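Assembling the complex is the task here: the two chains are given apart, and the hints tell you how they should meet.
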Amino acid sequence: MGRAADSGRVRAYRRSMRDISRLPTSPRFWRSPVRGRRFTSVLGLVLLVGVTVLFVTGLLSYAAYNPGLAPVNDKTPDKGLLGFYLFSWPTDPHWLYRLTQGVHVTLGITLIPVLLAKLWSVVPRLFALPPVRSVVHGLERVSLLLLVGGGLFEFVTGVLNVQLDYLFPGSFYPLHFYGAWVFFAAFLVHAALKTPIALRNLRAMKDGEEADGQGELTAPDPAPPTFSRRGALWFVGGGSALLFATTAGRSFDGLRHTALLAPHGGAEPGSGPNGFQINKTAAHAGIRAADTDAEAWRLTVTGRTGTVRLRRGDLEQLALHSAELPIACVEGWSTSDQRWRGVRLRDLAQLVGHDDGDPPDLHVESLQRQGAFRHAALSSRQVADPRSLLALYVNGARLSPDHGYPARIIVPAAPGVLNTKWVARLTFGRL
Amino acid sequence: MRSISDSRIGLPRIPLGSRFQLLLLACSFALAAYAGVRLLADDWFGVVLWIVGAALLHDLVLLPLYAAADRALLAAAGAAGRRERAGYMRVPAALSLLLLVVWFPLISGMTADRYRSATGMSADGFLPRWLLITAVLFGGSALLLAVSVLRQRRAAKRRPPAVH
Numbered sequence: 004m005g006r007a008a009d010s011g012r013v014r015a016y017r018r019s020m021r022d023i024s025r026l027p028t029s030p031r032f033w034r035s036p037v038r039g040r041r042f043t044s045v046l047g048l049v050l051l052v053g054v055t056v057l058f059v060t061g062l063l064s065y066a067a068y069n070p071g072l073a074p075v076n077d078k079t080p081d082k083g084l085l086g087f088y089l090f091s092w093p094t095d096p097h098w099l100y101r102l103t104q105g106v107h108v109t110l111g112i113t114l115i116p117v118l119l120a121k122l123w124s125v126v127p128r129l130f131a132l133p134p135v136r137s138v139v140h141g142l143e144r145v146s147l148l149l150l151v152g153g154g155l156f157e158f159v160t161g162v163l164n165v166q167l168d169y170l171f172p173g174s175f176y177p178l179h180f181y182g183a184w185v186f187f188a189a190f191l192v193h194a195a196l197k198t199p200i201a202l203r204n205l206r207a208m209k210d211g212e213e214a215d216g217q218g219e220l221t222a223p224d225p226a227p228p229t230f231s232r233r234g235a236l237w238f239v240g241g242g243s244a245l246l247f248a249t250t251a252g253r254s255f256d257g258l259r260h261t262a263l264l265a266p267h268g269g270a271e272p273g274s275g276p277n278g279f280q281i282n283k284t285a286a287h288a289g290i291r292a293a294d295t296d297a298e299a300w301r302l303t304v305t306g307r308t309g310t311v312r313l314r315r316g317d318l319e320q321l322a323l324h325s326a327e328l329p330i331a332c333v334e335g336w337s338t339s340d341q342r343w344r345g346v347r348l349r350d351l352a353q354l355v356g357h358d359d360g361d362p363p364d365l366h367v368e369s370l371q372r373q374g375a376f377r378h379a380a381l382s383s384r385q386v387a388d389p390r391s392l393l394a395l396y397v398n399g400a401r402l403s404p405d406h407g408y409p410a411r412i413i414v415p416a417a418p419g420v421l422n423t424k425w426v427a428r429l430t431f432g433r434l
Numbered sequence: 398m399r400s401i402s403d404s405r406i407g408l409p410r411i412p413l414g415s416r417f418q419l420l421l422l423a424c425s426f427a428l429a430a431y432a433g434v435r436l437l438a439d440d441w442f443g444v445v446l447w448i449v450g451a452a453l454l455h456d457l458v459l460l461p462l463y464a465a466a467d468r469a470l471l472a473a474a475g476a477a478g479r480r481e482r483a484g485y486m487r488v489p490a491a492l493s494l495l496l497l498v499v500w501f502p503l504i505s506g507m508t509a510d511r512y513r514s515a516t517g518m519s520a521d522g523f524l525p526r527w528l529l530i531t532a533v534l535f536g537g538s539a540l541l542l543a544v545s546v547l548r549q550r551r552a553a554k555r556r557p558p559a560v561h
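If you're matching them up, the sequences are chains A and B in order. Just so you know, the first sequence maps onto residues 4 to 434 in the working numbering. Just so you know, the second sequence maps onto residues 398 to 561 in the working numbering.
If we strip away everything but chain B, and leave its shape as in the complex, we get (with noise of 0.2 Å):
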């Protein structure tokens, strides 16, 4: 490693880092560049807001706002003294949270007209499905935890009872 060492110029100094990185990263913006004016000719200021949005909006936005909902449901989870089992909330949840972020345009149906009309098929089934599949996550987590109970309990049973 080595940096720029001019001290007598008085600015702070930020040392270059590892040459061999320099220059790959230079090959990687020259590409980049090559296929970005590409990428700008027609509506530069949109795609620029969509990339650079997206980059900002799940880091800055959905990351945290997830994140927070998972702090939330923990904390309710701890409230109850049960955060151990919040897992059987939070997995179900987040997979069909998931399937709807990814297949929202059908199953919100904002793409229904277009998907009937180019494809002779309904859009109608996008939303009675993915709720089906919601209930039977949740259906399934539930039998989870039953069973989990239902172990626990048989095996507090047969133990003896603990001194405290």
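For reference, chain A alone in the conformation it holds in the complex (with noise of 0.2 Å):
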């Protein structure tokens, strides 16, 4: 074979080259010095702890709703062996739900860059050649399907439930929960086949290595670097501060202005002892002046020996308790503890004749006359707690219109809408 054949061929071969890297399927195609093994990994650990995190927290906050005491309280009562873990939710300490359901949605907000660092790291992949190599990386491709689109789904849904956007296709509570499942399943598998991996190339990072040489993820032909990868990792550990520095704050009366824009975050919505923040108005809820004034409102309460009303001013002449408690929401905005002053469920379960000391479970009605949760069930044990009350005052004042005038449902560590504003009628009993 000729000489000048054979640079002719180089001439095309190059040539073809330069057409391949324009496409994606090229691993010379993507150029960013910063993508490699590290860059990978690091993020992969941080999502590794943050989204068991966040799984495990989802998992309490459903149990939280104690979904086995009544239909009532269960969004997704198909639920099967999903729910096999399933307890009875204690009231102690009076702030583990502000706790966990806090912890759970400050840190899916603040995981966000660090998802779509993650994402962008391997996008590579996606692109490259050949597409199936076996039949179990086929398989791992479709589960990374789940994975990728799976997690999205569950950030998107949860941050736009949080902002009260209802675009999803569905009720919040059945979707977030089953695609946590879903999305958990695939990260499950990810995460076994993938973490010693990561776990080998930080050891590697630790002993001064140079792992990513020969990785799958380092561009072979890269960009004049812009960023250390150091840098990068401080980007998006700067992105995470900053989400976090600008919604944390919701959980705390304290510091709620330092939240800029999260919901629920800046200035309360009002002054003085109701001044607090509000789940549900009672313009939003439906609530009329007329249905709640002296006249007109009575408390309904069935039990044991019967059923009694009562009025306002024969609640108020029962004997009075206090109890410093939050509003903590599904939503992760919590108030500090207010202090609310009213009747314990346990003494008005007395009064009904639940008096042998074994405290019955409760349904709660509103005077809403819609709304998911305008009934509730509240357990023998929220019963029994001296601090669970039908409360009256909050803050040494009259409760508002729009914090449940003119009684509301108070019971330590439960979701906020578990704590029933405008109360029509308790049902003590077995559930």
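If you're looking for bench data, these hints aren't it; they were derived computationally from the structure. Only true hints are included.
Using 20 Å as the maximum straight-line C-alpha spacing, the simulated EDC-like pairs for lysine to aspartate or glutamate come out as follows:
1) A/Lys78 - A/Asp168
2) A/Lys78 - A/Glu368
3) A/Lys78 - A/Glu334
4) A/Lys78 - B/Asp440
5) A/Lys82 - B/Asp440
6) A/Lys197 - A/Glu219
7) A/Lys82 - B/Asp439
8) A/Lys78 - B/Asp439
Chain A regions said to be covered by chain B (calculated; three or more residues, Cβ under 8 Å):
9) 121-135
10) 169-182
11) 241-251
Treat the numbers as computed from the prediction; the structure is a model and nothing was measured. Heads up, the beta-carbon is just placed ideally off N, CA and C, and yes, glycines get one too.
And the structure:
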């Protein structure tokens, strides 16, 4: 073969290589010098811990509703085996739900930059050829669709729900709960396959080895760097820090003004004893002043010995007790402890014949005509707690309409929606 | 690693891969399917659209979009001979965009009515606060740039001129 023919072939080859490198299927298409095993490993390990915490706190939130107690508390009644872990939600410590759900939502928001950076760091893999190297590799790619799609689905539905933007196709509770299981199924297998690799990479990093040299994720033809890899990690961490700093304050009354962009951040809705955060206002819930005035409103209490009907004035004559408890919402925000004053739920149970020391469960109904939580069930464990009140006052003042006047439930460690406002009927007994 | 090695069939041979990984994946798919039938019970099309759509939209639209924007920014900075200073622009821009994407429903005001009705608070503050944070991010970045330029100049003055 002649030399001329050879060099022609080489030129053609080079030209075709240039064309190929314009396609994302070519490793040369990806030029960022930041990509590499180490960058992906660090982000992956952060997500390994973070997503596990998100999953566990999410499962705890479902348990906090006591879904096994009554159908009204259970938004995913066809859960089957996925509810295997459910337990009776405790009332101690009284800030338990405030903590678990605050961590769930605030951590989720904080992890968004890490998730985005992780997806960015591995995107060349999406286009790598051949698309399927083995049966197992093909199945792993299907699993990755569930991992990426499911993960994004969980983050997006969560972020939309806390902003009251119900765009998603259905009710939030089943979508986010079952979606979490689909995502976590893919997450588990991904973690099992990749964690050993990530740990090995980090160990190599610690020993000062150049672990990236031959890695699949490393750009073979990198662009001149504008960022060191360490700088890129700082950048991702900075994004997380910024989201955290503008979100976390909404779990504390004193720091709320620092939560500049998060819902229920910024200023309090009002001032004075009733000025703290409101989940749903009276107007939003369709509560009319005529329904709650002294003439119209009666509390109906039913139990073993029958039914009694009480005015607010009658309730004020019963033994009143105080409890310092927060409001903690599934949306992740919470208030600091408020000083509630009212009648103990167990005293009301006694009033209708439950006086043998065996506390009953309780079904609570609100004046609200619609809304998923216009009624709720409380467990005997919650009823028995001396801090569980039918509150009439808060912080020394009469409850405002937005906080549930004439009377509302307040139970330690329970999710906000179980603290029913504008209570109309209490039914004690086995549920 | 074993492979399906019956070459008499004449199909391209796709190796099976690790049996252990196959087992892991089977367990994972079983769990995902168990939850998945419940997830898809109400509006299967909508949910599939959201999950597959989220992955495709992110990988094939959002990521290329921000990567292209970043390349354009770098190219513009490179053309001005200031490639090493592009970070002073892209860091505050990226952080500001991140906040906008995460809190878009509140910042854009698309849920303002529901937010006001439910919480008793106005949603009008979110847009000005985002703009303010954006201004602080860019302002801080400009300040850092100014400090770095000043330092470079001072260092250049102290050093004797380089011989080319």
